[in-house]
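Please model the complete structure; the sequences and the hints are all you need to start from.
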Amino acid sequence: MTHLDGAGNDQAKEPGDGPRAVALEIADAVEGLADLWAVAAQDAPLRLSLHQLRALRALESAPGLNLTALAERLDIGMPTASRLCDRLEAAGLLERTSHPHNRREVQLSLTTHGRLVLGEVADRRARALAAVLGGMDPTDLAALRGGLKAFHMARQLPSSWPRDTDPR
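Residues in the sequence shown are numbered consecutively from 869, following the numbering used here.
Treat the hints as calculated values from the structure; they're not laboratory data.
A portion of the hints provided could be inaccurate.
[Said to hold, decoys possible] FRET-style restraints, in silico, Cβ to Cβ: (1) 1011 to 972: 52 to 58 Å; (2) 1023 to 969: 34 to 40 Å; (3) 995 to 955: 23 to 29 Å; (4) 972 to 1014: 50 to 56 Å.
Glycine included, every Cβ here is placed at the ideal spot set by N, Cα and C.
The structure is reproduced here in C-alpha cells:
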C-alpha cells in the first residue's frame, strides 16, 4: 500500500517505480480527491447522496433517459432507481414526462432547479480542488498537469494488455 500523507513518506511500499507502484499512488490520490469531492458536495445548500448526484449527472449528459436506461447507467436495480427518481422528483430536481412516441415509456429529465443544483455542486468542487492545487509548487502543478494529459492520451488508446495481466 502507498501512503502519501506525510513528509518523506512519498514512496510506494512496493519495489520499483513501475506501473503497479504508480497505480497504488494514484489510488491513494483518487481516494483523497473523492473525499474532497464528497465534502464539497455536502457543503452545498441542498445535500444530495452520491447516487442522487450520479443520477443527476447521468440525466444532464443524456436527457430523456428512461428508468431502465438510468438504472443500467448507474448499475443499480430498477426498484432502487425508481425510489431514487421519486426522491429527486419530490425535491424538484427531475421531471417525468411521457415519451412522445410511446405512451408506456417515461422520459426523465432535469428541471431548471436540478441543473442549478448540479452547477452549484460543480462550482463548489472546482473551488475546493483549486484551493488544494493553489497550495502546490508551480513546478509540481505543471508536472501534474503533464501527467494527467499523458494519462488521458494513454487511456484513449486500445489496451495493449489483457485486463487480467499484471502490468509490472
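Do the beta carbons of residue 995 and residue 955 sit within 23 to 29 Å of each other? Between residue 995 and residue 955, where Cβ atoms are some 27 Å apart, the hint holds.
Within 34 to 40 Å: is that where the Cβ-Cβ distance between residue 1023 and residue 969 falls? holds (37 Å)
When you take the CB atoms of residue 1011 and residue 972, is the distance between them in 52 to 58 Å? holds (54 Å)
In this structure, is the beta-carbon distance linking residue 972 and residue 1014 contained in 50 to 56 Å? holds (52 Å)
Going through the hint list in order, the structure satisfies each hint without exception.
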